[in-house]
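Novice: Start counting the sequence shown at 1; every next residue gets the next number (my numbering).
Worth flagging that the hints you see were computed from the coordinates, not collected in a lab. Note that CB positions come from ideal geometry on N, CA and C, so glycine has one too. There's no promise every hint is true.
Claimed, not checked - Simulated restraints, written as ranges between beta carbons of each label pair:
id, residue 1, residue 2, range
1, Val64, Asp104, 32 to 38 Å
2, Gly37, Asp67, 34 to 40 Å
3, Ala14, Thr130, 32 to 38 Å
4, Gln99, Pro167, 25 to 31 Å
5, Val64, Ile39, 15 to 21 Å
6, Ile21, Asp104, 18 to 24 Å
7, Ala48, Ser140, 40 to 46 Å
8, Asp104, Asn81, 21 to 27 Å
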Amino acid sequence: MVATVIINIITGAAAGATTDITGINTRANAQDAHSTGDITNPIEIPAAGTNYSFWRVTRLEATVAPDNLIDNIEWFTDGSNTYGIGITNVMNTATAYVQATGTDGVTGIELTVGNYATLAGAPTDSFAFTTGSPKVVAGSTSTAVEFGDRAVFQVQVGTTATAGTKPATPETFTYRFDET
Numbered sequence: 001m002v003a004t005v006i007i008n009i010i011t012g013a014a015a016g017a018t019t020d021i022t023g024i025n026t027r028a029n030a031q032d033a034h035s036t037g038d039i040t041n042p043i044e045i046p047a048a049g050t051n052y053s054f055w056r057v058t059r060l061e062a063t064v065a066p067d068n069l070i071d072n073i074e075w076f077t078d079g080s081n082t083y084g085i086g087i088t089n090v091m092n093t094a095t096a097y098v099q100a101t102g103t104d105g106v107t108g109i110e111l112t113v114g115n116y117a118t119l120a121g122a123p124t125d126s127f128a129f130t131t132g133s134p135k136v137v138a139g140s141t142s143t144a145v146e147f148g149d150r151a152v153f154q155v156q157v158g159t160t161a162t163a164g165t166k167p168a169t170p171e172t173f174t175y176r177f178d179e180t
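Produce the entire structure from the sequences given, and follow the hints as far as they go.
Specialist: Below, the structure written as structure tokens:
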């Protein structure tokens, strides 16, 4: 049977709560909660330095097991940052979940190896990962479970950003994998 795979966003304390975000928009705002359009906790444009979204943690889940195996997981973008001037997005993979923290409605703490100990390394520009040069995500499954490392990303807002909902057209982050 062909596997059914969904993308979960993980929020909250401990192991976290999972929400299926397959095929919908999700916002990276200044709170540790899934949101599709909440504007009550935006990332404030700082007077100096950088403010951050609470990091977003995503992971794949097979809700119907593959006949054999799902592996060769990859994560990528279209390569084009459409957030506008002063706004970036960074990511890396992680082997475990760490809850995002910060000041609701203002800023999250910066996504670093020091703040998220199981990151594979320092976060880098999300838009450097494209269909031709994706981020490899470790993991595989032959059963119906959550699987693979987590893809963790964060929006960073600098002083040159302009107010408003960004981007005007949602960014698309894509998972790809092999199924046998």
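Novice: Tell me, which hint numbers fail for this structure?
Specialist: 5
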